[in-house]
Amino acid sequence: MRIKDHPILDFPQGKKVTFYFEDQVLEGYEGEPIAAALHDAGIRVLRESQVLHRPRGFFCAIGNCSSCLMVVDGVPNVRVCVEKLRAGMTVRRQKGKGDLFASN
Amino acid sequence: MRQTNVLVIGGGPAGLSAATAAAQCGARVILVDSSSRLGGQLIKQTHKFFGSREQRAGTRGIEIARLLQEEAEAARVEILPETAALGLYSDGVVTLEKNERLIKLKPERLVVATGASEKTLAFANNDLPGIYGAGAVQTLMNVHGVRPGQRAVMVGAGNIGLIVSYQLCQAGVEVAAVVEAAPSIGGYAVHASKIRRLGIPILTSYSIKAAHGGETLEGVTVWQLNEKWQGIPGTEQVLAADILCLAVGLTPLTELLWQAGCQMEYIPELGGHVPWYDENQQTSVPGIYVAGDAAAVEEASSAMVTGKLAGLASAHSLGLCPDFPVLGEKVRQELTQLRAGPTGEKIRKGLGKLRARSRPGAM
Ligand SMILES: Cc1cc2nc3c(=O)[nH]c(=O)nc-3n(C[C@H](O)[C@H](O)[C@H](O)COP(=O)(O)OP(=O)(O)OC[C@H]3O[C@@H](n4cnc5c(N)ncnc54)[C@H](O)[C@@H]3O)c2cc1C
Chain H
30 MRIKDHPILD
40 FPQGKKVTFY
50 FEDQVLEGYE
60 GEPIAAALHD
70 AGIRVLRESQ
80 VLHRPRGFFC
90 AIGNCSSCLM
100 VVDGVPNVRV
110 CVEKLRAGMT
120 VRRQKGKGDL
130 FASN
Chain E
3 MRQTNVLVIG
13 GGPAGLSAAT
23 AAAQCGARVI
33 LVDSSSRLGG
43 QLIKQTHKFF
53 GSREQRAGTR
63 GIEIARLLQE
73 EAEAARVEIL
83 PETAALGLYS
93 DGVVTLEKNE
103 RLIKLKPERL
113 VVATGASEKT
123 LAFANNDLPG
133 IYGAGAVQTL
143 MNVHGVRPGQ
153 RAVMVGAGNI
163 GLIVSYQLCQ
173 AGVEVAAVVE
183 AAPSIGGYAV
193 HASKIRRLGI
203 PILTSYSIKA
213 AHGGETLEGV
223 TVWQLNEKWQ
233 GIPGTEQVLA
243 ADILCLAVGL
253 TPLTELLWQA
263 GCQMEYIPEL
273 GGHVPWYDEN
283 QQTSVPGIYV
293 AGDAAAVEEA
303 SSAMVTGKLA
313 GLASAHSLGL
323 CPDFPVLGEK
333 VRQELTQLRA
343 GPTGEKIRKG
353 LGKLRARSRP
363 GAM
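Sequences listed follow chains H and E, in order. The opening position of the first sequence corresponds to residue 30 in the numbering used here, with each subsequent residue numbered one higher. The opening position of the second sequence corresponds to residue 3 in the numbering used here, with each subsequent residue numbered one higher.
Hints may be right or wrong, so weigh each one.
Stated by the list, open to error - Now the stretches of chain H that chain E is said to cover, found in silico as 3 or more residues with beta-carbon under 8 Å: (1) 36 to 50; (2) 80 to 88.
Claimed, not checked - Rough simulated footprint, nothing fancy, chain H against chain E, three-plus residues with beta-carbon under 8 Å: (3) 126 to 133; (4) 166 to 175.
Stated by the list, open to error - Counterexamples of contact, computed for chain E against chain H with all Cβ distances above 12 Å: (5) Val139; (6) Gly160; (7) Pro235; (8) Ile245.
Note that these hints are calculated values from the structure, not bench results. Quick caveat: nothing in here was measured; it's all calculated off a predicted structure. Built from N, CA and C at the ideal position, the CB exists for glycine as well.
Please model the complete structure; the sequences and the hints are all you need to start from.
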């Protein structure tokens, strides 16, 4: 959900681009954090915890807490709260520890 | 390997002020920040600031960030955004990451102004998606223009909790309640009245018992606390909410200082573990200074002043800033004034404790 009318701020938006989340095609603005585009689309579960397999979202939004690690273009452990969205990215929920050597 | 007189890590109000002060004394200064936009916490603060004119009270935080950056640029600080400091080594080398490349830098002096991170709370299901730090929600709304959900519960009625509740409303989110464990509201009365005027209840002596939901947050149970801060059975209320914001304090981001071997002290009044530092913000490791929330969780106003002090002191130690004895004293007085009065009491107490801990090497 984008904020449209704000009493103080306006949000100049970049170019609209499409990207892939699991098997969906989503839209977002180029250069915004991947997590912002996912949130806009109502997607709040970003990964599954390692031991208890619990759903995780983001917590800090500034790249400190590691709650939002996802697999982006095959690379695991990407902090999507700070990683910028580009056209055509593939974004997947991460399960447990990402495997750097797996070919996702 | 690159060299410089002064390296500043962190481009919030503390770091920007430190960098400008040192550069104005003639030092060659590099400032790095992991974020793409400078200003630290300020870039999401749409409200007008409190404090005195000298620290730009009455100006919105987002504006202050822009002004501080312009001053740093005018002073010819070399600014490297999207550059994270990864490590500080015993030979004085700092490692940085930019665009997935490692940069090594050897500064003569270092100012650490990395700010603070938000604390969390222990309760059942506190890891459900939809539970955020209050600052995170502020970033999502005010920097990226995305509404976090429909209905929120805020935990904490300090200034951050109150301000972010108000900003949630501005973004079109309903706020069900502000829950505060203490018997009274911690934040300024003006912020609290703004919330009350919107009809949002502030429940004092209340805390959160549990969060509920399947994949994501659907509601929270709050309950009243007795004078020992324990929940009172039978007082539970269930509030429907898809957002839970935790505004329960911040703790200094000090990993780099630990790694550098700075003497660390646990001082709850300053936010947790902080480095020992002297009256000019120098830590126990000569040449390493600390400023802003990384030194003590305080305010943007004091962050600017501790930053300036660290910047001037670091330049002076390099043989620059000949007026430091007078200038430094002036800045320290400014700090004392900022911390006078009831809101500064906690900080005064914390700093008193910190100074009372034995000075490094003085055993
Ligand atoms: C909701 C809210 C409302 C507030 N209202 C007020 C107010 O009305 N008045 C007031 O005076 N204060 C207010 N404050 C407090 C104020 O914002 C902070 O005290 C102040 O921003 C601290 O400044 P700082 O420079 O120490 O840290 P920050 O502003 O947190 O900046 C730290 C910077 O360091 C960078 N960084 C961290 N680690 C690294 C690393 N390893 N490498 C590179 N860069 C790094 C970060 O990206 C960040 O940009 C408020 C805070 C909040 C959250």
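### Query
Does Pro235(E) really sit off the interface, with its C-beta more than 12 Å from all C-beta atoms of chain H?
For Pro235(E), whose nearest Cβ neighbour in chain H is about 27 Å away, the distance exceeds 12 Å, so it holds.
### Coverage criterion applied to the stretch 80 to 88 of chain H (partner chain E; beta-carbon cut 8 Å; 3 residues)
holds (count 6)
### Query
For the stretch 126 to 133 of chain E, do three or more residues have a beta carbon lying closer than 8 Å to a beta carbon of chain H?
It holds: at least three residues are needed, and the stretch 126 to 133 of chain E offers 5 whose Cβ sits within less than 8 Å of chain H.
### Message
Between the stretch 166 to 175 of chain E and chain H, are there enough contacts, at least three residues with CB-CB distance under 8 Å, for the coverage claim to hold?
### Response
Since three or more residues must qualify, the claim that chain H covers the stretch 166 to 175 of chain E holds, with 3 doing so at under 8 Å.
### Message
Is the listed coverage of the stretch 36 to 50 of chain H by chain E valid when you require three or more residues with a beta carbon under 8 Å from a beta carbon of that chain?
### Response
holds (count 5)
### Reported absence of Ile245(E) from the contact zone with chain H (all CB gaps over 12 Å)
violated (10 Å)
### Query
Any Cβ of chain H at or closer than 12 Å to Gly160(E), or is the non-interface label fine?
The claim holds: Gly160(E) sits with its nearest Cβ about 18 Å from chain H, beyond 12 Å.
### Message
Please verify that the nearest CB of chain H lies beyond 12 Å from Val139(E)'s CB.
### Response
violated (8 Å)
Violated hints for the displayed structure, listed by number in ascending order: 5 and 8.
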